[in-house]
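For what it's worth, my numbering labels the leading residue of the sequence shown as 498, then goes sequentially.
For the record, the hints were derived by calculation from the structure and aren't laboratory data.
A hint or two may mislead.
[Claimed, not checked] Distance ranges between label pairs, derived from CB positions:
(1) 542 with 502: 48 to 58 Å
(2) 528 with 550: 31 to 41 Å
(3) 539 with 503: 31 to 41 Å
(4) 500 with 532: 34 to 44 Å
No residue lacks a Cβ here, since even glycine has one placed at the ideal position from N, Cα and C.
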Amino acid sequence: MAQEPSYPKDATVGEAAPQPAASAGKEEAPTRRSKHLVAGAAIGIGSAAIVAALLYANRNRKNDR
498 MAQEPSYPKD ATVGEAAPQP AASAGKEEAP TRRSKHLVAG AAIGIGSAAI
548 VAALLYANRN RKNDR
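Work out the full structure: start from the sequences and follow the hints.
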């Protein structure tokens, strides 16, 4: 009852389709992404260090009551 699908004569059926050549924009994407990831990690570590320094600097003032 079900019909078999029809494919063009030049299409490869059952094999992986060939991948198009990588363009210059796609080669830069992983580099840009990794730079943003490193920058985000640096910002996170830096802000955590600032918070820790503020907590450490203010801990003596809590006990002066």
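Against the structure, the hints come out as follows:
Taking the beta carbon of each, residue 542 and residue 502 are about 54 Å apart, inside 48 to 58 Å as hinted. Taking the beta carbon of each, residue 528 and residue 550 are about 33 Å apart, inside 31 to 41 Å as hinted. The given range of 31 to 41 Å is broken by residue 539 and residue 503, whose C-beta atoms sit roughly 55 Å from each other. For the hinted restraint 34 to 44 Å between residue 500 and residue 532, the CB-CB distance of approximately 51 Å leaves it violated.
Checked against the numbered hints above, the structure breaks hints 3 and 4 and satisfies the rest.
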